[in-house]
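Participant: Which chain is which? The protein sequence lines are Y and L, in order. So the first sequence is numbered by numbering that gives the first Met the number 0: it starts at 0 and just counts up by one. So the second sequence is numbered by numbering that gives the first Met the number 0: it starts at 0 and just counts up by one.
Fair warning: there could be bad hints in the mix.
Chain copies aren't distinguished; within one or between two, either way the pair holds.
Calculated pairs, DSS-like style, for lysine-lysine (alpha carbon to alpha carbon, straight line, at most 30 Å) [unchecked claim]: (1) 110 x 83; (2) 168 x 83; (3) 110 x 178; (4) 149 x 159; (5) 149 x 110; (6) 53 x 168; (7) 168 x 178; (8) 168 x 183; (9) 159 x 110; (10) 149 x 178; (11) 53 x 159; (12) 178 x 53.
Everything labelled a hint here was simulated from the structure, so no lab data went into it. Computed from a predicted structure; not experimentally measured.
2 protein chains.
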Amino acid sequence: MKTATQQTHTVNGVNVTQLFETIDLIRETPEISRFRFRATNTWQGGTYNQATVKDFYGAMQEDDTRNPLVFDIDEPPILLGGNKGANPVEYLLVGLSGCLTTAMVAHAAAKGIELRSVESRLEGDLDVQGFLGLSDEIPVEYQQIRVSFKIDADISHQEKEELIMMAQKYSPVFNTVSKPVPVKVSLSD
Amino acid sequence: MKTATQQTHTVNGVNVTQLFETIDLIRETPEISRFRFRATNTWQGGTYNQATVKDFYGAMQEDDTRNPLVFDIDEPPILLGGNKGANPVEYLLVGLSGCLTTAMVAHAAAKGIELRSVESRLEGDLDVQGFLGLSDEIPVEYQQIRVSFKIDADISHQEKEELIMMAQKYSPVFNTVSKPVPVKVSLSD
Chain Y
0 MKTATQQTHT VNGVNVTQLF ETIDLIRETP EISRFRFRAT NTWQGGTYNQ ATVKDFYGAM
60 QEDDTRNPLV FDIDEPPILL GGNKGANPVE YLLVGLSGCL TTAMVAHAAA KGIELRSVES
120 RLEGDLDVQG FLGLSDEIPV EYQQIRVSFK IDADISHQEK EELIMMAQKY SPVFNTVSKP
180 VPVKVSLSD
Chain L
0 MKTATQQTHT VNGVNVTQLF ETIDLIRETP EISRFRFRAT NTWQGGTYNQ ATVKDFYGAM
60 QEDDTRNPLV FDIDEPPILL GGNKGANPVE YLLVGLSGCL TTAMVAHAAA KGIELRSVES
120 RLEGDLDVQG FLGLSDEIPV EYQQIRVSFK IDADISHQEK EELIMMAQKY SPVFNTVSKP
180 VPVKVSLSD
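Required output: the full structure, derived from the provided sequences and hints.
Facilitator: If you want it as structure tokens, here you go:
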């Protein structure tokens with residue numbers, strides 16, 4: 000039975016007590032699990048633009064408490080840019096890397112599996128003939144993305160493979176990339 | 000006929016001379032259009048991890064000339080994090096915003112359409128019951144992403160709508176999100 004003096008249980012730096020309390024709350028009131036994440040973008044000239052992340056909606060309320068997080072987006076000179084930031088397809092890999100990692104760490108924590116380190120390398124194949132409109136046969140999108148994980152923990156190879164499966168099953172960015180997701184783009188006046 | 004003294008033509012800050020020269024080069028040697036973009040990620044504890052973007056392969060060679068770009072990835076407290084950075088699904092929106100913007104600006108430049116400003120707002124719907132494994136019916140991925148563009152230019156509403164269509168047609172991140180892309184995740188020893 001839970002009491003006010005119950006100690007907080009943390010695994011892999013994840014507050015598992017709060018995690019299970021959150022799960023209980025969502026089972027009672029599923030609406031709190033609906034989030035809306037946001038970004039804004041302002042073109043700065045050429046291939047350089049800036050995105051800002053700040054507010055989001057979740058747990059049935061707006062959250063505007065974070066300081067704005069500003070991201071410079073640009074291309075390297077070979078792609079007509081000025082190297083003022085990572086490029087858009089690299090930001091997608093950044094998000095994918097973080098999402099697979101967090102899904103793995105959180106689900107391992109929920110199962111009581113302690114991890115010492117998790118590292119990953121990502122690489123995606125992109126033919127810019129698609130972007131340039133030079134071929135209808137060559138995909139505009141990443142043709143394939145490869146992710147390689149190195150996990151240090153006192154668990155078997157088989158258990159590490161299971162963590163890799165869990166990461167893919169529960170990662171929102173992995174599933175957004177590997178499945179078709181509707182993106183509605185419109186003009187506002 | 001091109002000569003060494005030909006002036007560089009720039010539209011929207013995009014070097015259109017270099018753009019068309021690049022297109023000519025790719026038509027001669029399509030291999031130069033094949034890129035491999037990369038990121039690495041190191042887990043820092045809990046929902047906090049760091050991604051680094053640096054080298055890439057493109058134009059038939061490795062490019063290791065950029066300084067490392069390091070990105071903090073974390074969750075807000077309501078999602079068990081410490082707010083040390085934007086979260087993974089927000090990074091995906093950052094990449095999507097930049098990619099649609101660059102695709103629009105570059106293709107407008109190629110057509111000689113001058114733009115004064117381009118701004119966008121993005122919002123994605125995510126139900127964290129998927130991430131938490133609480134429901135097999137609720138998608139783990141973004142259920143829908145909406146992007147709204149504000150374009151300032153001396154062109155008609157119809158021409159702005161055409162820019163929006165071009166952005167979607169030629170944006171690698173838009174097409175990576177809206178189409179299924181294979182992501183191979185493996186364990187390295």
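Participant: All hints are to be evaluated individually against the structure, with a verdict given for each.
Facilitator: Hint check results:
1. 110 x 83: Only across copies: residue 110 and residue 83 sit 25 Å apart there, 42 Å inside one copy, limit 30 Å.
2. 168 x 83: Between copies only: 25 Å across chains, 35 Å inside a chain, cut-off 30 Å.
3. 110 x 178: Intra 27 Å, inter 33 Å, cutoff 30 Å: intra-copy only.
4. 149 x 159: Cα proximity of residue 149 and residue 159: one copy only (9 Å, versus 47 Å across).
5. 149 x 110: within (19 Å within a copy, 47 Å between copies)
6. 53 x 168: For residue 53 and residue 168, both the intra-copy (27 Å) and inter-copy (28 Å) Cα distances are at most 30 Å.
7. 168 x 178: both (12 Å within a copy, 18 Å between copies)
8. 168 x 183: both (25 Å within a copy, 13 Å between copies)
9. 159 x 110: Within. Shortest intra-copy distance 13 Å satisfies the 30 Å Cα cut-off; inter-copy 51 Å does not.
10. 149 x 178: both (25 Å within a copy, 28 Å between copies)
11. 53 x 159: between (35 Å within a copy, 28 Å between copies)
12. 178 x 53: The answer is both: 27 Å in one copy and 27 Å across copies each meet 30 Å.
Figure legend: structure checked against the earlier numbered hints; every hint is met.
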